Amino acid sequence: PNFRVYSYDEILDCHEDVPALEALRRWSMVLHNQQPWDRKQVELVEVGQLRDDDYVVVFHPRDRHVQRFISRVTSGRTAPAPQRAAVEPVPPATPYPTIDVRRDFAVQPRIEALAVAHGDVVCTNEDLIRNSAYNWSAMTADEVTAKTGIEQRRYTSGSFSELALQAARAAVEKAQVGPADIGAVLVCTCTSDRLIPSLATYLSGELGIAQTHASFDLVAACAGLPYGLAEATRILQQIRRPVLVVCVEKFSDKIGSVRPSRMIFGDGAAALVVGVAPEGAEPDIEYLQTYASGPTSEVNSIIWPNPDFDNAITVYGPEVKSLAGRYLAQMLDEVRALPGLDKGESLLDDIDLVVPHQANKTMIIDLAAEAGLAADRLYFNIEKVGNASSASIPLAIHDAVRDGVITEPVRIFAPGFGAGAVAGYSVMRIDPSVVAIAQ
1424 PNFRVYSYDE ILDCHEDVPA LEALRRWSMV LHNQQPWDRK QVELVEVGQL
1474 RDDDYVVVFH PRDRHVQRFI SRVTSGRTAP APQRAAVEPV PPATPYPTID
1524 VRRDFAVQPR IEALAVAHGD VVCTNEDLIR NSAYNWSAMT ADEVTAKTGI
1574 EQRRYTSGSF SELALQAARA AVEKAQVGPA DIGAVLVCTC TSDRLIPSLA
1624 TYLSGELGIA QTHASFDLVA ACAGLPYGLA EATRILQQIR RPVLVVCVEK
1674 FSDKIGSVRP SRMIFGDGAA ALVVGVAPEG AEPDIEYLQT YASGPTSEVN
1724 SIIWPNPDFD NAITVYGPEV KSLAGRYLAQ MLDEVRALPG LDKGESLLDD
1774 IDLVVPHQAN KTMIIDLAAE AGLAADRLYF NIEKVGNASS ASIPLAIHDA
1824 VRDGVITEPV RIFAPGFGAG AVAGYSVMRI DPSVVAIAQ
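Numbering (this note's numbering), first residue to last: 1424 to 1862.
Quick caveat, the hints were computed from the structure, so don't treat them as lab data. Any given hint could be a false lead.
Mimicking BS3-like on lysine-lysine, the simulated pairs with C-alpha atoms at most 27 Å apart in a straight line are [to be verified]: (1) K1570 to K1807; (2) K1766 to K1570; (3) K1597 to K1677; (4) K1677 to K1807; (5) K1597 to K1807; (6) K1677 to K1570; (7) K1766 to K1677.
Bear in mind that the values here come from a model prediction, so they are computed numbers and not experimental data.
Build the full structure now, drawing on both the sequences and the hints.
In structure tokens:
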């Protein structure tokens, strides 16, 4: 809502007889500007008069922010420094070719296992509205569903690392590979709570692997799966032994009170074991493509941590829709231009099921229609799990097998797109027998 905010003059001219109260009031005005509320509904009461359903905002000093404010005032500036002019993006000299795995690689990849870990806590839209922040405008549970296609999202009560380890162990067990067999561990995530050691090296140790060729984390947000599969396929050429790819996100402790983030994101993890196909066998991963960058407005369309919102993750919807539409159209055009593998004139004709990144069901259906793809070709599970970023596509594949949508080997087109203006897709064959059904 467009609640009125304080001007710089109002903040500077604020006065109280007690200096400490003046400083506190001035800082409360700054905080109000970050997340405005309807000041007409504010009343001054004693603590004993607070009702059970009243919101209480506790202000605490932040020396760094206060010092920055004082420096700006004493320097004579009445507003933040102007932003740099946006850089005009220059397109690549030539388009990046789609990776044809059969043609471009000697070692063909086989998907030996796929396992997942759903969040154990269900947060419905009714829960979301009941626990909404004090500065949200009125919105019903049905309106959240209409806007996003989400009815509930799943959170985990465990840690980020535990969620990843649960999926990794299940995938390794399903593939029947041991610590001595795994040649690399790749983790795709944008919500890691650790830098040193990386989650990939942590998982390697917890799985009892004495040494890998490579264990590293890869940040490609919602395009994590195609990025991870592309790296795994490249590594296979060097080591010719299974690669463990883990996609994991925990948003529930990073979304704060920002409404778009609270509505959309959920927690979840998935892991795939990508091994070497037998000599002469067809690959399970047939085509790969990745992209990144774009206009700075799209690159910065999803930010975490965002200091302007208490370091919570923030989503700027119009810019996200812009990058999603741009990339989805480009990916569909590329797949249409590739020759069919079975009976179709184009590769898109031979796709059995499209499993997109589960960003926002309403938005994706609209963008797909604009790009000439009918809604009945798309599979969604976002209604029940929310947007789990890098984990969303493999979670959806698992749920499609669990729910009987996939009952025999199928060819899937899996496009992803998201933060950083990243995108990518994989065309792969999924045999339901390699999917470990989560209890």
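Checked hints:
1. K1570 to K1807: holds (15 Å)
2. K1766 to K1570: violated (38 Å)
3. K1597 to K1677: violated (32 Å)
4. K1677 to K1807: holds (20 Å)
5. K1597 to K1807: It holds: about 25 Å lies between the C-alpha atoms, which stays within 27 Å.
6. K1677 to K1570: Holds, at roughly 22 Å.
7. K1766 to K1677: violated (47 Å)
When the structure is compared with the earlier hints, violations turn up for hints 2, 3, 7 and for no others.
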